[in-house]
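Using the sequences and the hints, build the whole thing.
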Amino acid sequence: MRYLPLDDADRADMLAKIGVKAIDDLFADVPNAKLLKSLPPLAKTQSEIAVEREIGRLSARNVSAGSVPFFVGAGAYRHHVPASVDHLIQRSEFLTSYTPYQPEITQGTLQYLFEFQSQVALLTGMDVANASMYDGSTACGEAVLMAHRITRRKKAVLSGGLHPHYRAVTETLAKWGDTAVAELPPDPQGKEDAAAAIDGETSCVVVQYPSVYGSIRDLKPIADAAHAKGALLVVVVTEVVALGALKSPGDMGADIVVCEGQSIGNGLNFGGPYVGLFATREKFVRQMPGRLAGETVDAEGKRGYVLTLSTREQHIRREKATSNICTNSGLCALAFTIHMTLLGEAGLRKLAALNHANACDLAERLGKVKGVSVLNDTFFNEFTIRVPGKAADVIEKLAERHILGGVPVSRLEPDHPELADLILVASTEINTDDDRAAFAAALKEVL
Amino acid sequence: MAMNTQGRPTAPGTATIAEIQTFTGNRGLDHEEPLIFEIGDTGRTGVDLPAAPKAKSRLGGLERSAEIGLPGLTEPETMRHYVRLSRKNYAIDSGLYPLGSCTMKHNPRLNEKMARLPGIGDIHPLQPQSTVQGAIQLMETLARYLMELTGMPAVALSPKAGAHGELCGMLAIKAAHEAKGSKRDVVLVPDSAHGTNPATAAFMGYRVKSIPAMADGTVSAEAVKAALGPDVAAIMLTNPNTCGLFEREIVEIAKVVHEAGAYFYCDGANFNAIVGKVRPGDLGVDAMHINLHKTFSTPHGGGGPGAGPVVLSAALAPFAPVPFIRKEGDALRLVEDAEGTQSFGRMTAFHGQMGMFVRALSYALSHGSDGLRQASEDAVLNANYIRACLADLMSQPFGDRFCMHEALFDDRWLKDTGITTLDFAKAMIDEGYHPMTMYFPLVVHGAMLIEPTESESKASLDLFIMTMRDLAQSARNGEAERFSGAPYLAPRRRLDETLAARQPILRWQPPAAVAEAAE
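Protein chains in written order, with our numbering: chain A, 1 to 447; chain B, 1 to 519.
One should not assume that every hint holds.
[Said to hold, decoys possible] Below 16 Å or equal to it, Euclidean Cα-Cα: the simulated EDC-like pairs (lysine to aspartate or glutamate) are:
1. K17/A with D392/B
2. K302/A with D392/B
3. K34/A with D462/B
4. K277/B with D29/A
5. K17/A with D462/B
6. K56/B with D377/A
7. K34/A with D24/A
The set of hints was computed from the structure by calculation and includes no laboratory data. These numbers come from a predicted model, not from an experiment.
Given below as structure tokens:
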């Protein structure tokens, strides 16, 4: 087996040195009756060629986003990732390193995490950010739990503009962790009054910016309303490129900001791995979950970085920890920070402007298709359209014409038949004029 | 000297060795590298994009006006920055990485290639399921491998890491109790457990009751039985355990747990020791997470991403989270909505860590049934070889007995030398090794947990052993300087963790802001 350096002579020498006859002598603590006598009924060792063939066959059965006009978003976006990003994250020293427990020989990881935290804090308009979470949805659940800890209250108000998967993740934690959620009904028009749902028991109100349906609202009024009742504002951003064009949540009074960072540096990967961004105000830092890199000095006074404030964490605090999180998304955070460094502020703003312009163009084209209406007054690079009939059928018919035309809302909200004629449509910088024209033409055909 | 409760020093020593000063501060190949904020600026970029066509803004008057402050670099500057940073990292590809409990085995590059196939890496989780049947088939195939290797009838793939998998398994247990109308609020956790275990239980509102280990490092069925009662929902037991030992009473433990109406959660972090040798399902386990980033070699990536699928017994399978895969004729469907099922809910957006699934499957297919078993045997053999070759110099907390995939030593042998486990670990760095896991498990004073994995050749093990012996002799001879100021030869000397925690600097600040804060 090409990955196993020992040969039988080595094994025999080593068993002799240990003082046993056979490998199974080392498994003596395993109850003998339970020790497997034969190999599991699976294929035996295969060559690289054979494995490539098998997985290649599975890959070939999927329609890849890059092979068709592609407009699917709803929390995961196809952006162009510069070639240098993927090259750099595959460097052995990044790829095959562990969590930086020995800072003297992991300054590479620690410094990029420190830079990542700084970029995330700037982008969200917050004071501090952690070294990443699994993804946006789990970060959202953790943000709610953090708000419970800070306010010592147990009820979260979830906006109807929050991604339904994020809502479901938060609900799961609430249901089994003995806390409450008040969910507002789905809000495709972006007109809800979330402030009215805040009461004296509310720990936080969670709003998405832009909403899952694409609309953008000023967060200041909801922040003020929350603060007036002693609650926090948690802002969720699933398309982080939007923050290159929009006012930051921190500027509008957010207390905790969580984002799905996949858009920067990371591919679609059928839903994971992605990278959760988590930022908050300085005064809440000790209630924050997850790893934190911090600056310090070494024995010679040179600047260096370490993991810090670990007394919040499970390996020290055990059952009193702020969260059970251990692994984060280090390599995806690296991809994020490299891509963000390549973009810089100038590039990010240009990228955001391009996304917005492309989406505006698409909205105009689709709005002209007979029977189709665009619901949004405001949007960034994604918006909601209403079609005659079932949106899911329309999307299937478009797929048959080799166009991946968005996400039918019924896929996310199967229990809301009144939303079954809505489609979430995204357009990023990857779409050409031809793509958008093809989409509009195909939509006209299938309706 | 500042120390924590495990006797771990938290402030650096002061010993120094003479060194040559350079003008740049660089030392040959080891370059000092500033922060991106110190070398980039907001006007510079490494990405050429066309200007956006003029369009009427639909942003609702919420356009960002003020500068964000994000520095940019051109592509060559970016390459240099990150390549220089990378060279300050230790990695499996550069040397033996004996970090116990973390399983730093070789990461095959075929797996990276497979994850980047366009039909795997460039598909959206919400495109029509008819267009991703190959991807769902891949998940189904991995699920079959995991069920076969563990002897369990079901698996939930979506958890994103080990701790997330623990949460998943414990949620299934809580849901199963609730379905029976039973209100149990205690979870038993041995005091040698990973910190994530009690953190997970507490996170779900359970009270954690500790179970002490026996003198031999394992948990006895008798101790478990004594702690069981009508209020106990589950036990969380790691097997092989964190001391690197197989829980020899595990079958009896499962029996008494089930008799008391509780469930058996097994922390599968150390499953890599027993793949193809024994199946957790045959031992009476109800739920177990598998760290794909340990047992199935998906890269650790400096702390993630991981993946933590959870295998479930028949009793817990109905409560598995969405999404799960259902066969419908010739097609496979991901069931994404919990409504109308007994599922406890959803753990994450979308479907889990596809990028890790494909790497794990590529690993499993490459090894095959014979290779997977051989890998576990070699991992156990390597650990025992190291243990046997160091046993005369270093002390073992539970006597001279066989271990599984990792060898555990304590610090009794360092008594009266003035040298701590931390010092010893830092001296390993000067010898070109990543230290072993130190001060874990917490139940062993000054613990040193060595996990070589199956990826090491005998020559590599022999050199490691000779190095450890030389260091151990040196420690026993009282050559304190080799240890107290170590590492001397790494990109940084010991770092001041106390300072970092007392005056946290968690982000870059413009020099003006720093000056202002100091006033």
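Consistency of the hints with the structure:
no.: 1; hint: K17/A with D392/B; verdict: holds (13 Å)
no.: 2; hint: K302/A with D392/B; verdict: violated (39 Å)
no.: 3; hint: K34/A with D462/B; verdict: violated (33 Å)
no.: 4; hint: K277/B with D29/A; verdict: holds (12 Å)
no.: 5; hint: K17/A with D462/B; verdict: holds (12 Å)
no.: 6; hint: K56/B with D377/A; verdict: holds (12 Å)
no.: 7; hint: K34/A with D24/A; verdict: holds (12 Å)
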